[in-house]
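Q: Could you slot chain B onto chain A? The hints should help.
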Amino acid sequence: MADTPILHSGMAGDKAPLLEVEGLKTYFRTNRGILKAVDGVSFTIDAGKTLGIVGESGSGKSVTVRSIMNLLPPTVTINAGGSVLHKGQSLRSLGKAQAKHFWGVEMAMIFQDPMTSLNPVMRIGRQISAGLRFHLGLSRREARQRSLELLDVVGVPEAERRLDEYPHQLSGGMRQRVTIAIALACQPGLLIADEPTTALDVTVQKQILDLLGHLQEEQGMGMILITHDLGVVAGRTEEVAVMYAGRIVEFADTQTLFADMRHPYTEALFESIPKIEHPSHTRLRAIAGRPPDLVDPPGHCAFAARCRYAQPRCLEEAPQLRHSDDPGHSFACHFPVGTPEGEEALAVNIARGATSAGLLLGDYDAKVMG
Amino acid sequence: MEASDSHPPQGTRALGGRAVRLGRHVANHNAVILLLPLGLGIILIGAVDSSLSDQLRWLMALVGWAAAFLGFRAIGRLNWGNDFDPGLWLAVGWVAIVVLAAVFADILPLAEAVDTVKALTEPSRKRPELFSRHPLGTDNQGLDILGGVIYGARISLQVSLLAVTVGIIVGGIAGTVAGYFRGIPDMIFGFITDSLLAFPPLVLLLAVVAAINPTVWTISLALALLGIPTMGRLARANTLTFAQREFVLAARSLGASRRRIIFRELIPNVVRPLLSYAFLIVALLIVAEASLSFLNVGISRPTPTWGNMIAAGQEKVKDHPHMVFVPGIVMFVTVYSINRIGDAARQRWDPREASL
Numbered sequence: 000m001a002d003t004p005i006l007h008s009g010m011a012g013d014k015a016p017l018l019e020v021e022g023l024k025t026y027f028r029t030n031r032g033i034l035k036a037v038d039g040v041s042f043t044i045d046a047g048k049t050l051g052i053v054g055e056s057g058s059g060k061s062v063t064v065r066s067i068m069n070l071l072p073p074t075v076t077i078n079a080g081g082s083v084l085h086k087g088q089s090l091r092s093l094g095k096a097q098a099k100h101f102w103g104v105e106m107a108m109i110f111q112d113p114m115t116s117l118n119p120v121m122r123i124g125r126q127i128s129a130g131l132r133f134h135l136g137l138s139r140r141e142a143r144q145r146s147l148e149l150l151d152v153v154g155v156p157e158a159e160r161r162l163d164e165y166p167h168q169l170s171g172g173m174r175q176r177v178t179i180a181i182a183l184a185c186q187p188g189l190l191i192a193d194e195p196t197t198a199l200d201v202t203v204q205k206q207i208l209d210l211l212g213h214l215q216e217e218q219g220m221g222m223i224l225i226t227h228d229l230g231v232v233a234g235r236t237e238e239v240a241v242m243y244a245g246r247i248v249e250f251a252d253t254q255t256l257f258a259d260m261r262h263p264y265t266e267a268l269f270e271s272i273p274k275i276e277h278p279s280h281t282r283l284r285a286i287a288g289r290p291p292d293l294v295d296p297p298g299h300c301a302f303a304a305r306c307r308y309a310q311p312r313c314l315e316e317a318p319q320l321r322h323s324d325d326p327g328h329s330f331a332c333h334f335p336v337g338t339p340e341g342e343e344a345l346a347v348n349i350a351r352g353a354t355s356a357g358l359l360l361g362d363y364d365a366k367v368m369g
Numbered sequence: 000m001e002a003s004d005s006h007p008p009q010g011t012r013a014l015g016g017r018a019v020r021l022g023r024h025v026a027n028h029n030a031v032i033l034l035l036p037l038g039l040g041i042i043l044i045g046a047v048d049s050s051l052s053d054q055l056r057w058l059m060a061l062v063g064w065a066a067a068f069l070g071f072r073a074i075g076r077l078n079w080g081n082d083f084d085p086g087l088w089l090a091v092g093w094v095a096i097v098v099l100a101a102v103f104a105d106i107l108p109l110a111e112a113v114d115t116v117k118a119l120t121e122p123s124r125k126r127p128e129l130f131s132r133h134p135l136g137t138d139n140q141g142l143d144i145l146g147g148v149i150y151g152a153r154i155s156l157q158v159s160l161l162a163v164t165v166g167i168i169v170g171g172i173a174g175t176v177a178g179y180f181r182g183i184p185d186m187i188f189g190f191i192t193d194s195l196l197a198f199p200p201l202v203l204l205l206a207v208v209a210a211i212n213p214t215v216w217t218i219s220l221a222l223a224l225l226g227i228p229t230m231g232r233l234a235r236a237n238t239l240t241f242a243q244r245e246f247v248l249a250a251r252s253l254g255a256s257r258r259r260i261i262f263r264e265l266i267p268n269v270v271r272p273l274l275s276y277a278f279l280i281v282a283l284l285i286v287a288e289a290s291l292s293f294l295n296v297g298i299s300r301p302t303p304t305w306g307n308m309i310a311a312g313q314e315k316v317k318d319h320p321h322m323v324f325v326p327g328i329v330m331f332v333t334v335y336s337i338n339r340i341g342d343a344a345r346q347r348w349d350p351r352e353a354s355l
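In order, the protein sequences belong to chains A and B. The first sequence begins at 0 in numbering that gives the first Met the number 0 and counts up by one. The second sequence begins at 0 in numbering that gives the first Met the number 0 and counts up by one.
Mixed in with the good hints there might be a few duds.
As the list claims (entries may be wrong) - Examples of chain A residues lying across from chain B (beta carbon under 7 Å, computed):
id	residue
1	M68
2	T74
3	N78
4	W102
5	M108
6	D112
7	L117
8	N118
9	V120
10	G130
11	A158
12	F257
As the list claims (entries may be wrong) - Here are a few chain A residues that sit away from chain B, every Cβ distance over 12 Å (derived from the structure):
id	residue
13	D45
14	G47
15	V83
16	R160
17	D209
18	S279
Read the hints as simulated data drawn from the structure, not as lab findings. Heads up, the beta-carbon is just placed ideally off N, CA and C, and yes, glycines get one too.
Next comes chain A alone, as it looks inside the complex (with noise of 0.2 Å):
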């Protein structure tokens, strides 16, 4: 782990960082072997900050998490390696009378689907109040008020009512407001939100969004907000994590990032938003080709097959993550987009129509090059 430098979120005061993740490892039995579904992944977030962890479907991210709540099914689950640290204390080492209070309490979560999110048989009010009666020990009647205070809180109107209904009563946005109540009621320090808004339409996205950065900021949490889409941390966190194929890729402040990207898989994914300057039916440019496979991950740069850049290089060496200029900002690329060997080896390919890889460059990458 010496090779990778710990990315740090926000500034380090005296005490320990609220959540310290280095080298972690997690990788899944299955029947075609090993999958290294997260291999060395190091990361720290402060309390009152925001870490965005960014990728497409199957890069780790949610693993990345539920890795470090704990909640991946233990029979086909390898912890390979690497320490989670919660305020300078490890959560693998969490004994039972501490973890009793801890989940729920110092950290939280919230899912991608509201739809399955919450139990169905369950009224409103006693699926929030069940954390605030076991963790906090309030009464009955204590803990509606709370859930009340709570719905509240989340922006549900009619609360009272609410509270006495089920699941299926309620709009998809409104079940991911009480899904948040119900992740906020014992005021964690850390709230993990796994892609919050996927399951949502844009509109209720954007309020979702807005209520996730309202509450963190006013009960100074750390949060780390997990999304395939770029466009979604833009502005809303205060440092992203790039991850692909199981590790993360570029990591720095958001401006820095967005200003200032240095690995390709981070372009070719702000490059897949939809940009409101755009003349309408502008084509998206996709990213071509699949992720690898991560039972059998290539020994070069995982990226490397769908990359523009690729050189004879990138199939031979897998690339550290490294600092640029700006300890803040590091990436793990050979031929890192903005300097000029990125230039050079882009000029390349386009000027032999394909990259080492094999892939074949279209019109767009001439047209961008000028």
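A: Chain B in isolation, oriented as in the chain A frame:
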């Protein structure tokens, strides 16, 4: 302006047309409704008037029954729309009658049906006669068959409900635990249920009953052995789907213990499909209990059960068919009705059936 002027007459015409059609509809139904009292009347006359020939009385019962059914259906459709399912409500009515009779058997004015000493003065093998001391006749020893059928219903219901309750509780918990933990608990669960299901049910029952003294309680527990693997598998299958839902993950992320997840999150979800299948299992267990009594290894006389009443009458079935047919028909209609209700319940409550 023009448009709004021309609208009202059109509307009235349309409304009027519909009213006429509705009216004809209503008139039709009104006529059909009369079939209900008519049919019941025919059945009653056929049942009471012993001067008529047997063939004619059977025919009257059949015709009367069909007429009454049509009348009943018409009334139902008029009040509750065309979705009204008369068969289902007849089934509900029958089961309600059987349950009430069984519950209040002790205060009903029934002739002696249990104690042969008290029935010494009664005529034996008397034919059914609706308005007499023995509406459904008597058996070899002069015991009242109506009373026997009602006390038998009590035993059938007690045994099958007790057995299905045990089956739901034991099978439900075991299946949920197996489905949630998978791994070794699931293997053990699978082995036990597969073994139980590998026996022909009657052979399994006979083996168990051979080792015990047959009472309501022991027979119930033996029958529960038939319900447990079915209920357990159903619970396991449902648990597998529910455990994948994110609410289980969400509960874990909030620090819920495994016990809490099983009892508070999963079981309330799993129990609904189990309950909707409970009817079908009850019907199955009633037949199983009767089979045991019939084979004289279940609950035996002096306690009357449908099975041992049929067994007692089978030798003389040619001369005195009522001794077999009365308990037999009662059992058939009861089991059929429960199955019918079970089907409706399953369509309504079982998520997999509902989504089809």
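Q: Now tell me, hint by hint, if it's right for this structure.
A: Status of the hints after comparison with the structure:
no. : hint : in the structure
1   : M68  : 6 Å, holds
2   : T74  : 6 Å, holds
3   : N78  : 17 Å, violated
4   : W102 : 4 Å, holds
5   : M108 : 4 Å, holds
6   : D112 : 6 Å, holds
7   : L117 : 6 Å, holds
8   : N118 : 5 Å, holds
9   : V120 : 5 Å, holds
10  : G130 : 5 Å, holds
11  : A158 : 20 Å, violated
12  : F257 : 31 Å, violated
13  : D45  : 22 Å, holds
14  : G47  : 21 Å, holds
15  : V83  : 15 Å, holds
16  : R160 : 22 Å, holds
17  : D209 : 22 Å, holds
18  : S279 : 36 Å, holds
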